[in-house]
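Using the sequences and the hints given, assemble the complete structure.
Chain by chain, the residues run as shown.
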Amino acid sequence: MLKGLKIAAAALLLGVAGMATAQADTLKVGIAAEPYPPFASPDASGKWDGWEVRIANALCGEAKLECEITPISWDGIIPALTTKKIDMIVASMSITAERQKTIAFSDKYYNTPTGIIGPKSETFDATPEGLKGKILGVQVSTVHEVYAKKHFGDSASEIKIYQTQDEANADLAAGRIDAVQADAIALNDFLATDQGKECCDMKGDVAEDLEVLGPGVGVGLRKEDSELKDKINAAIKGIRASGKYDEISKEYFDFDIFGG
Amino acid sequence: MPIRLSFPCRLADGARSRAAPISTFLTPLLQSGTLELLSPTPPGWGGNLLRGLANSVQIAIGAFGLGLAIGTAGAYAKLYGGPILRDLAEIYTTVVRAVPELVLILLLYYAGTDLVNRALEAMGYARIDINGLVAGIVVLGFVQGAYATEVLRGAILAVPQGQIEAARAYGMSPGKMLRRITLPAMLPYAIPGLANLWLIATKDTALLAVVGFNELTLVTRQAAGATKAYFTFFVAAGMLYLLLTLFSNTIIGRIERWARRGLPSVTEGAA
Amino acid sequence: MTISLADPAKPQRRPRGWLQPHRIGLMAVGLALVLSAAIFMRWDWLPNYYGLIAAGLWRTIWILVLTCAIGFMFAVPLGLAQAAGPIWLAWPAKAFCTVIRGTPLLLQLWLLYFGLGSLFPQFPWIRQSELWPYLRQAWPYGVLALTLSFAAYEGEVMRGAFAGVPRGQIEAARAFGMRRWKIFRRIWLPQAVSRALPTLAGETVLQLKATPLVATITVVDIYAVASRVRQDTYIVYEPLLLLALVYLCITGIIVFLFRRLEARIPTRLG
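The listed protein sequences derive, respectively, from chains A, B and C. Residue numbers for the first sequence follow my numbering, beginning at 6 and rising by one. Residue numbers for the second sequence follow my numbering, beginning at 31 and rising by one. Residue numbers for the third sequence follow my numbering, beginning at 1256 and rising by one.
No lab work stands behind these hints, which were simulated from the structure alone. Hints are supplied without guarantee of correctness; some may be wrong.
Each computed DMTMM-like pair below joins lysine to aspartate or glutamate, with the alpha-carbon atoms no more than 25 Å apart [to be verified]:
id, chain 1, residue 1, chain 2, residue 2
1, A, 202, B, 151
2, A, 33, A, 48
3, B, 206, B, 286
4, A, 33, B, 151
5, A, 106, B, 286
6, A, 155, A, 127
7, A, 89, C, 1493
This is the structure:
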């Protein structure tokens, strides 16, 4: 019996050792494993592309780091960082005080307003009164979830929480919910698709709440990796100064995504 | 604001030319749209689905193999181990069979790799980077092991005692007895249960979608999300899983006939 | 801790006494593990979530009971059709069981929820129909998928159980002049059910283990509550461990209830 166990253990270790490569110098850049256009989405060949993926590659190039894009499920992305499955998060994660209790952030690399969309047939504002009695969908562990609970928790009839932004959009199109709150750019992208065009339109931006929505989106890092943080901060400044940032952004947006 | 998702727009053009809202849905389902979406080369997502399927099969094979190894050890522990070993094996099979796979996968996926690396660091080795494939195999293999333990234990018990006594009387060593008598004799009893486990393994790979591993189900959802053709892709993936099951069933039938050669046939009945 | 779910054979080799010296040792180790988990791990989040946990637990149990009950009702005709039905009934029943058992439940669930959901915008009349308030919510899809799955797996079991009832029994009933419906109600069904009962406990536990999948379509069951805790607090292991414990307890209760049920039904099968 013990022999059998030993053999099994040896086989297991061999398997792990054989297939797991100890690449100490390649940094794993975690992105959310879901289509989140225009920031990151897989194309038909399975390759991830989008504004944020390119920015991540540009940052790595600027900081002379070897990086590998690693899709990981959004709801486990912070544990994945703290347990060292990945080394940084470049997944449109807003810098918030709540998250900073667990992880560190680089300086922001973009900042966009937060909007609410709803069915075309209805008119309402992105205010607590406007959402009265409505079902509002948000993505889990996002600033939008926190914001929606804080500001619309009393007036909306339900705040429905989705694992991915894509599912929330799909349910809005299906008519299962009345409104979706998310990043305005991601929402506009959805509204421009065939499905989005037919069903919904933008109801407006929500009122600013810096405490919840944070100063913008930053690269998520482990607290102890302060050296990496300095490198990334320098790289953000670097690509801003060299024009690389604008070059990438121009392909996707016709306004300044970096924000004020 | 320019959009860079090339494919949905293309689909939209095709759909709009046929007008009428109902056909916007029916087109991707019934007409050329479906074939285009599912074609194996890049404008279509078929290649992606097939790669996902390959990943799923790889994990299923690995998990099934690992499950067999754990199951053999577990069955021996339960049958011939000391009291402590026997109780530990019992706890293992009870807990694993009572807790949902989804919960075990999350626990093992996050805790498992973390613990391995902490242990390695404590022992002074460099941390290793356990890729998703290995993690998936280990996690599902651990779950499969509990079921395989029960299947193999039942099969070993079904081997007539006289055969083992005869082997012992010939003076065979335990290893030789396992190789020459117990394993071949128990195989016909174990195969139906193991076949079932293999089918469970292929389907359980879908659960790894929840931890973001690129197997068939997650790839399907990504494709569906990016193209909004949810129905098409989920049906297509369902067909792939079904094909895998049916294909497995034919192979299993052959193996079963081979393993049962020389034994009286049993009539199919209540399990 | 000896819950045998579907043991084909139980070796009765172990000594009679349940409380042996090594068991006391094992229990001490177990107790120490539980205590250290209680002391050293973080449980301060627990009081904030009592309400949610209770609601989630209730929903899990409710979904389990509902889907098992309806699923079993479907399983009987499915099994009967396959075991004794004419080919035009047997074949569709077999096809249904093969398709459901041959594809992952997660995929079926997503097909029903997102696949059907993506069709709604094209058919505006659905939104005006009486059913819309239900179609809007997530749980009907979860219940439907789980019911179909239970029906297919249990239908397969019932097929074997129906086929396993000795022909003599049915012939004897016919000789008594019973009519077909009466034979089915009095002889065939009860015998088939008591044959299927031992596997039913195992199938119910498997069904319990399938319920957390509904969390992926926004139904807030106990699993979804644990996920919520994980995402709110970034505490990874504690909610999952508690979740595992909850499922262990429910499994224990299911096995206990079925033991009681089995003990009440006289089993004298030929």
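Here is what the structure says about each hint:
For the given pair, residue 202 (chain A) sits about 53 Å from residue 151 (chain B) by alpha-carbon distance, which is inconsistent with the 25 Å threshold. For the hint linking residue 33 (chain A) to residue 48 (chain A), the alpha-carbon distance of about 20 Å falls within 25 Å, and the restraint holds. The straight-line distance between the Cα atoms of residue 206 (chain B) and residue 286 (chain B) is roughly 24 Å, inside the 25 Å bound, and the hint therefore holds. For the given pair, residue 33 (chain A) sits about 19 Å from residue 151 (chain B) by alpha-carbon distance, which is consistent with the 25 Å threshold.
Pair hint residue 106 (chain A) plus residue 286 (chain B) does not hold up; C-alpha atoms about 58 Å apart against a cutoff of 25 Å. For the proposed pair residue 155 (chain A) and residue 127 (chain A), the alpha carbon gap of about 24 Å is at most 25 Å, so the pair holds. Proximity of residue 89 (chain A) to residue 1493 (chain C) is assessed by CA-CA distance (about 19 Å); at most 25 Å being required, the pair is judged to hold.
The structure fails hints 1 and 5 (numbered hints given earlier, in ascending order).
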